[in-house]
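K.L.:
Here is what each chain is made of, one letter per residue.
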Amino acid sequence: MTDLGLAALVPLPVLLSLLGAGAALMLSGRPSLQRAVSVVVLSSVVVVAALLLWAADTQGPQVLRLGGWPAELGISLVADRLAALMLLVSAIVTLAVLVYSLGQGITEEDREAPVSIYHPTFLVLVAGVSNAFLSGDLFNLFVSFEMLLFSSYVLLTLGGTAARVRAGTIYVVVNLLSSMLFLVAIAVTYSAVGTLGMAEIAVRVSELPDSVSLVIQLLLLVTFAIKAAVFPLSLWLPDSYPTAPAPVTAVFAGLLTKVGVYAILRTQTLIFPDSPLTDLLLGAALATMLVGILGAIAQSDIKRMLSFTLVSHIGYMIFGIALATQAGLSGAIFYVAHHITIQTSLFLVVGLIEARAGSTALLRMGGLARLAPVIGVLFFVPAMNLAGIPPMSGFIGKVGLLEAGLAYGSPLALVLVAAGVLTSLLTLYAVAKTWGLAFWRSPEQAHEMAKALPEPEDERTVLPAPGGTTPDGQRTAMVHHRGHVHVGPATFGERDLQTAHELRAEDGNDRDLHQLLEAGALPTRLPALMVAPAAALVGVSLAFTVIGGPMYALTDRAAADIQDRAPYLSAVLAEGFE
Amino acid sequence: MTVSLPLVVTAAVLVGTGVYLMLERSLTRVLVGLVLLSNGVNVCFLVAAGRPGDAPLYDGSNAETMADPLPQALVLTAIVITLGTTAFLLAMAHRSWQLNGNDDVQDDIEDAAIRRLALADDVSEGYEAEGEDQPAERHDEDRGETREEERR
Chain U
7 MTDLGLAALV
17 PLPVLLSLLG
27 AGAALMLSGR
37 PSLQRAVSVV
47 VLSSVVVVAA
57 LLLWAADTQG
67 PQVLRLGGWP
77 AELGISLVAD
87 RLAALMLLVS
97 AIVTLAVLVY
107 SLGQGITEED
117 REAPVSIYHP
127 TFLVLVAGVS
137 NAFLSGDLFN
147 LFVSFEMLLF
157 SSYVLLTLGG
167 TAARVRAGTI
177 YVVVNLLSSM
187 LFLVAIAVTY
197 SAVGTLGMAE
207 IAVRVSELPD
217 SVSLVIQLLL
227 LVTFAIKAAV
237 FPLSLWLPDS
247 YPTAPAPVTA
257 VFAGLLTKVG
267 VYAILRTQTL
277 IFPDSPLTDL
287 LLGAALATML
297 VGILGAIAQS
307 DIKRMLSFTL
317 VSHIGYMIFG
327 IALATQAGLS
337 GAIFYVAHHI
347 TIQTSLFLVV
357 GLIEARAGST
367 ALLRMGGLAR
377 LAPVIGVLFF
387 VPAMNLAGIP
397 PMSGFIGKVG
407 LLEAGLAYGS
417 PLALVLVAAG
427 VLTSLLTLYA
437 VAKTWGLAFW
447 RSPEQAHEMA
457 KALPEPEDER
467 TVLPAPGGTT
477 PDGQRTAMVH
487 HRGHVHVGPA
497 TFGERDLQTA
507 HELRAEDGND
517 RDLHQLLEAG
527 ALPTRLPALM
537 VAPAAALVGV
547 SLAFTVIGGP
557 MYALTDRAAA
567 DIQDRAPYLS
577 AVLAEGFE
Chain A
459 MTVSLPLVVT
469 AAVLVGTGVY
479 LMLERSLTRV
489 LVGLVLLSNG
499 VNVCFLVAAG
509 RPGDAPLYDG
519 SNAETMADPL
529 PQALVLTAIV
539 ITLGTTAFLL
549 AMAHRSWQLN
559 GNDDVQDDIE
569 DAAIRRLALA
579 DDVSEGYEAE
589 GEDQPAERHD
599 EDRGETREEE
609 RR
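Taken in sequence, the protein lines are chains U and A.
Residues 7 to 584 (this note's numbering) make up the first sequence, in order.
Residues 459 to 610 (this note's numbering) make up the second sequence, in order.
Calculated directly from the structure, the hints in this document are not laboratory data.
Note that beta-carbon positions come from the ideal geometry of N, C-alpha and C, so glycine has one too.
Treat the hints with care, as some may be off.
Simulated coverage check for chain A against chain U, where a stretch passes if three residues somewhere in it have a Cβ under 8 Å from a Cβ of chain U [stated by the list, open to error]:
{"#": "1", "region": "485-496"}
{"#": "2", "region": "529-541"}
{"#": "3", "region": "552-563"}
Full structure from sequences and hints, please.
P.N.:
Okay, structure coming up:
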């Protein structure tokens with residue numbers, strides 16, 4: 007065997023997480039040991055990813071050919087600047103989320119989360135995400151997607167409560183459909199070019215007729231757009247994410263959609279450098295931004311609001327990818343890195359809010375700024391960063407993208423620049439509204455307003471009274487069909503309806519934050535293990551601002567690499583393996 | 459490359475019925491649809507493999523007449539993954555039946571609530587009232603007045 011040098015590090019993020027998952031599963035009877043294993047594994051993944059980024063930046067892409075097969079036969083794992091950067095950011099984020107979930111586990115005391123399977127599943131998720139970043143082969147990419155999806159199915163339906171099973175159903179079916187589409191894309195690619203290594207495909211695809219390569223491109227694009235939640239294919243996301251436990255939602259929102267964005271970035275730049283689809287992608291980016299943010303404004307729950315802003319900001323990344331100029335790609339890469347940390351930390355903070363205030367429904371909250379000033383700061387900083395207030399990293403990323411759009415100069419690109427500014431303003435409006443309602447007014451005020459405003463009563467009328475009339479006496483057509491109640495366009499399970507009526511009777515409008523406080527039903531202190539990781543992630547996102555210059559230089563180099571293609575191709579396809 | 463027409467037709471029929479079944483509300487039908495769909499996709503891989511041939515064993519068979527082994531390996535992987543997913547979906551359908559007495563996919567209550575609020579056009583007024591600290595006037599003036607009185 008030869009000396010692999012630093013390339014020997016390439017499979018470690020995947021291997022460590024998978025072995026850690028096995029170990030954690032065996033140690034399920036001994037929770038403290040299991041926790042130690044997960045933390046140690048993820049910490050070492052962070053170290054390995056940092057080393058890989060350094061190696062990729064100073065010595066070019068690190069390639070490992072699995073089993074020593076030549077590149078055209080075997081599967082390669084490739085860590086170039088882009089992959090290594092994504093790997094490092096995702097490793098930091100997952101470590102923070104894991105520590106946070108340790109803290110939450112202490113308070114929740116296994117109420118809805120069987121902790122024994124949480125750690126192994128989480129580690130498999132990390133392995134899948136890492137493998138997706140590193141993979142240099144389409145089928146291997148499919149397998150890594152399945153790894154991360156399977157763990158996400160389990161994490162999303164953790165505990166199997168009614169709400170989570172409902173949300174999980176949509177999520178699982180949509181993702182299965184996208185997996186099937188991916189398989190079709192792989193079959194088409196294989197029969198067209200006779201290989202599945204991405205570098206080989208990139209070389210051979212230019213020999214194909216335009217129509218065939220367009221079919222392959224569209225198939226791959228649709229597949230990854232479902233995972234990345236690009237507008238017409240994003241409708242599953244706000245439905246399924248908010249019901250999961252806070253750390254799970256945080257890691258999904260931060261990472262899983264970005265894996266889809268990464269896959270779009272990788273395949274579009276590597277395999278289809280002269281894309282005829284720029285306008286299509288620009289249009290999708292426009293629709294994603296605007297529809298997403300308008301959805302966010304309409305929400306009355308923080309988690310759902312954040313899920314919609316997540317969709318909306320995917321539009322910025324697609325914008326950069328669509329331009330396919332170096333500036334655009336660099337902006338997109340920077341934005342992905344920024345958005346992973348920012349979105350995860352926001353969801354972690356929302357978890358803190360939920361633990362402190364007992365709910366994330368805006369109508370029931372108020373006065374958190376006085377009640378929990380630390381949470382206030384932790385929410386305010388990433389929220390302003392998300393909206394892109396200078397000088398934070400969100401501002402840097404947006405400016406980079408907008409400049410790239412101006413430099414590109416086509417009418418649609420200019421429209422997108424305007425839409426980008428508008429989306430940023432509307433994001434500010436959405437988070438400012440959340441801030442005003444949840445943090446600024448007093449709980450008493452919130453209580454008074456909730457009583458005075460018509461909304462809560464209106465929400466009640468969603469539930470038809472058992473007799474078939476709504477409380478205001480208006481008859482609604484209630485159709486019972488196969489254990490279901492259809493009311494107008496909506497459908498509820500009978501059990502759902504029953505629990506909703508019970509909930510309304512005992513809780514409803516009366517148990518808002520004000521009353522919970524008076525009853526002393528809330529914890530006054532949050533465990534440091536929850537607050538510290540959230541604070542650390544907010545710190546990381548702020549660090550992106552401080553190191554914005556070097557960071558942007560790095561993404562510039564990464565973008566130059568993937569636009570040039572030569573570093574990737576020559577590293578993967580280099581003759582021989584002595 | 460020559461393509462076997464029966465395989466293409468089989469794949470098309472399987473995928474078509476699979477998609478049709480996936481549009482149903484009952485999770486078990488969705489599941490059956492997925493199984494059909496995935497089998498259709500697997501048949502696609504057989505199409506992609508090109509002409510059939512001898513078993514691709516390491517020695518003892520001629521490379522000229524050998525079938526392409528790679529798509530078969532891919533299909534095997536895909537089959538295993540589909541098996542796992544099917545089992546998971548079955549478990550979810552069972553859980554849904556335990557919880558609701560049926561396995562139909564439910565609408566999102568939160569969505570319905572927001573849709574109704576939008577129809578009633580109450581949200582914006584409500585938030586304006588909160589944001590600017592003014593009572594909502596148009597629809598419920600009496601309420602606004604009582605609140606102003608309280609404030610005084």
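K.L.:
Each hint needs a verdict: does it hold in this structure or not?
P.N.:
Against the structure, the hints:
With 5 residues having a beta carbon nearer than 8 Å to a beta carbon of chain U, the region 485-496 of chain A meets the requirement of three or more and the stated coverage holds. With a threshold of 8 Å between beta carbons, the proposed coverage of the region 529-541 of chain A by chain U holds, since 5 of its residues qualify and at least three are required. With a cut-off of 8 Å between beta carbons, the region 552-563 of chain A has 8 residues touching chain U; three or more are needed, and the interface restraint holds.
Checked against the numbered hints given earlier, this structure breaks none of them.
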